[in-house]
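There are 2 protein chains.
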Amino acid sequence: MSKSLDVCLTPALIPLYNVPDYIVVVIDIFRATSSISYGIENGAEAIIPVAEVEECAAYREKGVDYLLAAERNGEVVDGFDFGNSPFSYTKDKVAGKTIVLTTTNGTHALHLSRSAKKVVIGSFFNLRALCNWLKTQQQNILLVCSGWKNNFNLEDSLFAGAVVEQLKSEGFKLDDPAIAANDLYQLGKNDIGQYLSKTSHGERLKKLGIEKDIEFCLQIDLTTAIPVLEGERLVKLVK
Amino acid sequence: MSKSLDVCLTPALIPLYNVPDYIVVVIDIFRATSSISYGIENGAEAIIPVAEVEECAAYREKGVDYLLAAERNGEVVDGFDFGNSPFSYTKDKVAGKTIVLTTTNGTHALHLSRSAKKVVIGSFFNLRALCNWLKTQQQNILLVCSGWKNNFNLEDSLFAGAVVEQLKSEGFKLDDPAIAANDLYQLGKNDIGQYLSKTSHGERLKKLGIEKDIEFCLQIDLTTAIPVLEGERLVKLVK
Chain S
1 MSKSLDVCLT
11 PALIPLYNVP
21 DYIVVVIDIF
31 RATSSISYGI
41 ENGAEAIIPV
51 AEVEECAAYR
61 EKGVDYLLAA
71 ERNGEVVDGF
81 DFGNSPFSYT
91 KDKVAGKTIV
101 LTTTNGTHAL
111 HLSRSAKKVV
121 IGSFFNLRAL
131 CNWLKTQQQN
141 ILLVCSGWKN
151 NFNLEDSLFA
161 GAVVEQLKSE
171 GFKLDDPAIA
181 ANDLYQLGKN
191 DIGQYLSKTS
201 HGERLKKLGI
211 EKDIEFCLQI
221 DLTTAIPVLE
231 GERLVKLVK
Chain P
1 MSKSLDVCLT
11 PALIPLYNVP
21 DYIVVVIDIF
31 RATSSISYGI
41 ENGAEAIIPV
51 AEVEECAAYR
61 EKGVDYLLAA
71 ERNGEVVDGF
81 DFGNSPFSYT
91 KDKVAGKTIV
101 LTTTNGTHAL
111 HLSRSAKKVV
121 IGSFFNLRAL
131 CNWLKTQQQN
141 ILLVCSGWKN
151 NFNLEDSLFA
161 GAVVEQLKSE
171 GFKLDDPAIA
181 ANDLYQLGKN
191 DIGQYLSKTS
201 HGERLKKLGI
211 EKDIEFCLQI
221 DLTTAIPVLE
231 GERLVKLVK
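Chains S and P are the protein sequences, given in the same order. Mind the numbering: the first sequence is residues 1 to 239 in my numbering, read in order. Mind the numbering: the second sequence is residues 1 to 239 in my numbering, read in order.
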């Protein structure tokens, strides 16, 4: 019986999958999972994803040296250390630290994926490292796109298609969304930034002045760490 | 303010849209909306979509000369006049008749779209007629893909992309799913049958021995009637 490689195009569709059957890869390219990959690569001890800004703020009271990251609608929430920009997750800022992170879409997808065999984090940064590890697992794989407000977005689907591209020769059975994501990746792969510039989300993010973040997040194979969910914390997977 | 042309990739995502703002086009290429288009073109007085087989069977008691069509998982339900094959909706069978229809996916999408300004039926059969009419409406348009068991399927999304192709030069604002659907259509348009043959759904339908239905449903501009929902009945739109 061949293993399945499925793509869940938005968190709203997660209930259609029997999550405990899968290793789940959570994808939120702009920018949560890119920043998480980058932060763990740069020595963050752990990143704790939480759903609500209030939940994040509560960690301030716990008397430990947490960094608090909160973003809503693409902007840092007042009074927090930083938001979702990967440039905040450099070695000098995050090495040895634990970061509590809440974001609009990525954290939502992570929480809904908790019952999986394993939950790992995918981004263009760790594409090859992630795919190489997935190839060795002999498990069904579900790529969960965080999307935008529970709906489909192009950048997460395109990345899912990039993962499908590296895994499809391994004998997996693909579902329709996986086929579509891979086809979209074929269309965009030669210039992903250019391809995504036509999306509504890209346009919206541009208005927020984070073109540099977007360009940065589209760099492929910049890192090798795979963040994995252990309990409530994302830590570096020991391969 | 430009109008929106949005694509809802599965019925599970309908709650993300404010349906009363739109004209909705319901799409279930294999085979409900193809059969409905064909049946209305061939003179069916009305087609009544219902959600449950039991609801369909109840019309038998009403003492009127209804034709009852019921299908579950791609097969005619025992004791019903016919199922979902467009070949059942020929002139000699349906002219002047009212058909009560329940299907796995299409009826579900129709019911969830009821609050729209208008609900019309799309298929490759009436592609040009539908698009020409939509161009004259000056309304936001939501293309609702019926999908497969609430998830994404390629054939409905590809058809949505064909509609986007004809409307995108009319100044609509496209959402990300509309852009993706149109891109998939670009990949598939030269040989839609060939493109779809790789899908999981196509494979499943092939196993049921309905390749002929599939081939038939991919004919473009075979009809000009646009079925529209009036109350509980789909009837021919008076243009």
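Just so you know, these hints were derived from the structure itself, not from any lab. Check the hints yourself; a few may be wrong.
To be verified - Okay, the calculated beta carbon distance ranges per label pair: (1) P/Gln186 / S/Gly171: 22 to 30 Å; (2) S/Ala51 / P/Asp221: 44 to 52 Å; (3) S/Thr104 / P/Gln194: 52 to 60 Å; (4) S/Val238 / P/Asp221: 54 to 62 Å; (5) P/Asp221 / S/Asn73: 42 to 50 Å; (6) S/Gly79 / P/Ser197: 31 to 39 Å; (7) P/Lys117 / S/Phe87: 40 to 48 Å; (8) P/Phe87 / S/Thr224: 54 to 62 Å; (9) P/Gln139 / S/Glu75: 31 to 39 Å.
These numbers come from a predicted model, not from an experiment. Heads up, the beta-carbon is just placed ideally off N, CA and C, and yes, glycines get one too.
Now for the hints, and whether the structure bears them out:
no. : hint                            : verdict
1   : P/Gln186 / S/Gly171: 22 to 30 Å : 29 Å, holds
2   : S/Ala51 / P/Asp221: 44 to 52 Å  : 49 Å, holds
3   : S/Thr104 / P/Gln194: 52 to 60 Å : 40 Å, violated
4   : S/Val238 / P/Asp221: 54 to 62 Å : 59 Å, holds
5   : P/Asp221 / S/Asn73: 42 to 50 Å  : 44 Å, holds
6   : S/Gly79 / P/Ser197: 31 to 39 Å  : 56 Å, violated
7   : P/Lys117 / S/Phe87: 40 to 48 Å  : 45 Å, holds
8   : P/Phe87 / S/Thr224: 54 to 62 Å  : 57 Å, holds
9   : P/Gln139 / S/Glu75: 31 to 39 Å  : 33 Å, holds
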